[in-house]
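Taken in sequence, the protein lines are chains X and A.
For the first sequence, the positions run 1 to 338 when this note's numbering is used.
For the second sequence, the positions run 1001 to 1338 when this note's numbering is used.
A few of these clues could be false.
Some chain X residues judged to face chain A by a derived CB distance under 7 angstroms, without partners named [what the hints assert, rightly or not]: (1) HIS28; (2) VAL30; (3) ASN33; (4) THR34; (5) GLU43; (6) VAL45; (7) TYR47; (8) THR51; (9) ASN61; (10) VAL95; (11) ILE96; (12) ASN117; (13) LEU265.
List of simulated lysine-lysine pairs, DSSO-like, C-alpha gap at most 30 angstroms [stated by the list, open to error]: (14) LYS108/X / LYS1301/A; (15) LYS108/X / LYS1031/A; (16) LYS37/X / LYS1301/A; (17) LYS37/X / LYS1108/A; (18) LYS1037/A / LYS31/X; (19) LYS135/X / LYS172/X; (20) LYS31/X / LYS60/X; (21) LYS1031/A / LYS301/X; (22) LYS4/X / LYS1301/A; (23) LYS1037/A / LYS108/X; (24) LYS135/X / LYS60/X; (25) LYS1135/A / LYS1108/A.
Please keep in mind that the hints were generated in silico from the structure rather than gathered at the bench.
C-beta: ideal position from N, C-alpha, C; glycine also.
Protein chains: 2
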Amino acid sequence: MDRKNMRDVAARAGVSQATVSRVVHSPHLVKPNTRQKVAAAMEEVGYVYNTVAADFTRQKNSMIGLIIFTVRSSIHSELIEGIQEELESTRFSLVIANSRYDEATERKLIQLFRERNLSGVIVAETTDENRPELKTLQESGVPLVLTWQMAADPDFDCVGIDNHRSAYDMTKYLIGLGHERIGLIAGNFDRIERVRQRLEGYRRALEEAGIAFDPAIITRREPSPMEGKMAMSQLLALQRRPTAVFAASDALALGALAASGEYGLRVPDDISVSGFDDVDFAPFCVPPLTTVRVPGYEMGKRAVRAILDQHEWNGHGPIRLCLPTELVIRGSCAAPNR
Amino acid sequence: MDRKNMRDVAARAGVSQATVSRVVHSPHLVKPNTRQKVAAAMEEVGYVYNTVAADFTRQKNSMIGLIIFTVRSSIHSELIEGIQEELESTRFSLVIANSRYDEATERKLIQLFRERNLSGVIVAETTDENRPELKTLQESGVPLVLTWQMAADPDFDCVGIDNHRSAYDMTKYLIGLGHERIGLIAGNFDRIERVRQRLEGYRRALEEAGIAFDPAIITRREPSPMEGKMAMSQLLALQRRPTAVFAASDALALGALAASGEYGLRVPDDISVSGFDDVDFAPFCVPPLTTVRVPGYEMGKRAVRAILDQHEWNGHGPIRLCLPTELVIRGSCAAPNR
DNA sequence: CTGAAAGCGCTTACAG
DNA sequence: CTGAAAGCGCTTACAG
């Protein structure tokens, strides 16, 4: 049984193929009677619309792309669900390019996206190295939105958060508790702007409080619990170990919590640990994790809307939406124990 | 600056458009000299291949679809990363249809996938209700692979695990520890075959041990820590409460752990808790979670290979690959405390 | 309100 | 090894 096309439906209904197309896209332009005939014919021949052909004709793929390092993080899952929720009422589907932290892969995927004529691209994560590629993509006319951050480069549309301020707030909170030696377990700040912004926020809070910045208690890790655990072990083994550790993601913090336990330290009595993201397991950590709530789901929805808006306005004006974050105080931080 | 096509490149290189196409797809058919001329011309005009046009011409979209309830679970993330890893060396991209547990949404997404002419579809999760839609999709010639389970229906290709046996093993382990009253926090077994298989495995282990099956200690929940916590509270409030609780996912188990703590019960001394999946946070739970290791990443890779194989063989023979699971014993289960 | 016709940018037999 | 040509299934001005 071959797949039927609009011509087959048209023949069956005794109308032209253009009319069938109209019934699909602009039924209001078609006389109700004709419309019914066509609908019946579609049913009879078992017609299935061919999106690929339509996309080709329109010169636009009805798809939105997502560029992301990894989907292995609840916070990214929230973003994806937000995107999908917002896409649901449209004709768009989501294509995912998952670079698994590899720069070359990422570059390849960006190229594939260009070839696919996407109607928009959401960038969840990218390395600094690939920014030029993104720019090329954008200049070729693809609406592009960066998430998780407000990029310093004003040419990029952003739906993000203020990483600097969020990290600043958390650090300030720890300082307010009385901590003066605060370790940081961060992501790769050499290659990722968003991570660097958090590092800067941490730094500024320290500076304001007149606390010297000490590179010895800063570590750079991939965001997994295992890496967090290793980083924490390292910090705890230090001569002058920190009294509080700010992990720049909850996954890292979870590992840090475990390392503290193994080291015989009670959290928060002997050491404070805080996270970033507020993923679903954060309230269930032992003790419940003090962290920064990031509106991942909302960000996904807004990013899609930003792209849709660009279609309507035809690219008028930059979009720079900064979503609020929130310090969530639970049980993993307390005043230092002297 | 308009986007250039193969005709533009051909004009520049002084060859026919067909030759340009050959340089892209079958360079070995083209004389090296010509090949270079064409490559240079591509560079000069800034040519970007148009995948949409190619897909249209070939009557096949160079994309693989993934049908999934939610991406909010590490185990699904592993699957997705496995899929992407395997797709990386091909020209295929991944489109995700995320139904967020809604049956109607799922049906709509399956329809969209049909219209997209995908080269294959991986089903991570689906409700029983939508099986007929999947069958239609498959019958329309799309290679389709079910994951996470071996479907009872032999018409479906599967790359999954033995849920029945895995749940049986875990239950038997708990019985071996001396438990006779074992609660179960499961997913929606009315609508999801895979969940039902786990329930059956649990049941059979009980039966074999001569322990009566008690519906009072079976709960049905969505797989989130919060739901797990609520389910556990409910079980603990029972007159004759269980001495062990088997949560059919680690997310549920995490919540169960928290509920136990709030109830003043120590795990595993006062109550045993076990999970399923072995996600990244499982070893970092307090205590570390005893669970079932599921090879999500491997499953993703194999599912892609199964689809690619079907392309090559042109649909010869069913694929039924059952991947091994493994009981991972950590610290959350012990003999009952009498 | 409807039809005839052009065209989107490729791939792929078919010739030579 | 290369070219001319047909065709994939739609959408969309343009007529009427």
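Exercise. Among all the numbered hints in the text so far, which are the ones the structure does not match?
Worked result: Of the numbered hints, 1, 2, 3, 4, 5, 6, 7, 13, 16, 18, 19, 21 and 22 do not hold.
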